[in-house]
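Colleague: Letter by letter, the chains look like this.
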Amino acid sequence: MTGLIERKHNWRSLVLAGVLLGLAVPVTQASAQAASPVLAAARASGEVGEKTDGYLGYPSAPSAEVRRAGDELNIKRRAYYAERAVAQRSTVEEYAVTMGCQLIAKVKPGEKYQAPDGSWRTRGTEAPLRSNLCPA
Amino acid sequence: MKSDELTWRARVAKQLPMQGRQTGKRRSPTSRVTALAMLLGGAVALSGCVSVKAPDKPIVIELNINIKQEVVYRLAADANKSIEDHPELFGN
Chain A
1 MTGLIERKHN WRSLVLAGVL LGLAVPVTQA SAQAASPVLA AARASGEVGE KTDGYLGYPS
61 APSAEVRRAG DELNIKRRAY YAERAVAQRS TVEEYAVTMG CQLIAKVKPG EKYQAPDGSW
121 RTRGTEAPLR SNLCPA
Chain B
1 MKSDELTWRA RVAKQLPMQG RQTGKRRSPT SRVTALAMLL GGAVALSGCV SVKAPDKPIV
61 IELNINIKQE VVYRLAADAN KSIEDHPELF GN
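So the sequences go chain by chain: A and B.
Position 78 (the first sequence) corresponds to 78 in this note's numbering; numbering is contiguous.
Position 81 (the second sequence) corresponds to 81 in this note's numbering; numbering is contiguous.
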């Protein structure tokens with residue numbers, strides 16, 4: 001009797017787990033690809049760019065939607081930097097600036113980035129201007 | 001016979017306020033000359049000042065001045081790994 005109930009219970013939880021898995025997989029797939037389609041478009045159009053401090057910035061006044069998405073991502077980045085800074089025994093700012101170096105190095109031609117003097121530049125075919133703190 | 005008798009002699013009015021001609025406090029002639037000399041001296045000193053002009057080029061302030069290059073170099077490999085591992089934060 002108890003065995004039957006248990007089996008029934010197991011079967012039910014299996015179905016539940018299956019449903020949850022089915023729901024979870026598309027969500028994680030979506031988040032693994034890009035920040036958001038809004039930000040991807042804003043990056044391509046130069047409405048957002050990479051700053052030297054490791055966060056996204058707005059070279060020109062962004063739309064409300066872009067600002068919301070950008071600010072949200074920056075909050076997530078900050079949380080991540082704080083986590084890595086603890087692991088690497090550095091300060092959040094040190095980790096964030098290092099990320100800024102590496103992120104600016106990976107900015108694609110046509111996208112915007114911040115030069116060491118704080119001005120916004122559009123990446124051309126040449127290497128982006130980076131602080132002399134940045135590793136080669 | 002009635003005679004007026006002075007009970008006490010008044011002191012001689014040597015100073016101007018005593019004579020009722022002056023209400024405020026005045027500097028003595030020597031201190032007035034000193035004040036004038038100081039004023040002139042100050043004006044001369046001011047005209048002799050080095051004038052500082054704003055530079056034509058914008059002043060660049062390096063914000064990351066407190067971050068050492070060796071720290072950035074140490075963190076660089078981990079930063080690159082972060083970019084690869086978290087496209088949801090750093091990809092586009």
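One or more hints might be untrue.
Here are the simulated DSS-like pairs of lysine-lysine, each with C-alpha atoms no more than 30 Å apart in a straight line [what the hints assert, rightly or not]:
#1 B:Lys81 x B:Lys68
#2 B:Lys53 x A:Lys106
#3 A:Lys106 x A:Lys76
#4 A:Lys106 x B:Lys81
#5 B:Lys57 x B:Lys68
#6 B:Lys14 x A:Lys108
#7 A:Lys108 x B:Lys81
#8 A:Lys108 x A:Lys76
#9 A:Lys76 x B:Lys81
#10 B:Lys57 x A:Lys76
Hint data in this document are derived by calculation from the structure and do not stem from the laboratory.
None of these values were measured; they are calculated from a predicted model.
Colleague: Determine for every hint whether it applies to the structure shown.
Modeller: Hints versus structure:
1. At roughly 21 Å between alpha-carbon atoms, lysine 81 of chain B and lysine 68 of chain B fall within 30 Å of each other, so this suggested pair holds.
2. Between lysine 53 of chain B and lysine 106 of chain A the alpha-carbon distance is near 41 Å, which puts this suggested pair outside the 30 Å criterion.
3. Among the hinted pairs, lysine 106 of chain A with lysine 76 of chain A is consistent with the structure: their alpha-carbon atoms are about 20 Å apart, no more than 30 Å.
4. In summary, the hint linking lysine 106 of chain A to lysine 81 of chain B is supported, as the alpha carbons are separated by about 13 Å, within the 30 Å threshold.
5. Restraint check for lysine 57 of chain B and lysine 68 of chain B: satisfied, since their Cα atoms lie roughly 27 Å apart, inside the 30 Å limit.
6. Distance check on the hinted pair: lysine 14 of chain B and lysine 108 of chain A sit about 93 Å apart at the alpha-carbon level, beyond 30 Å; violated.
7. Between lysine 108 of chain A and lysine 81 of chain B the alpha-carbon distance is near 18 Å, which keeps this suggested pair within the 30 Å criterion.
8. A hinted pair counts as satisfied when its Cα atoms are at most 30 Å apart, and lysine 108 of chain A with lysine 76 of chain A qualifies at roughly 22 Å.
9. For the hint pairing lysine 76 of chain A with lysine 81 of chain B, the CA-to-CA distance comes to about 17 Å; that is within 30 Å, so the pair holds.
10. A C-alpha spacing of about 37 Å is found between lysine 57 of chain B and lysine 76 of chain A, which places the hinted pair above 30 Å, so the restraint is violated.
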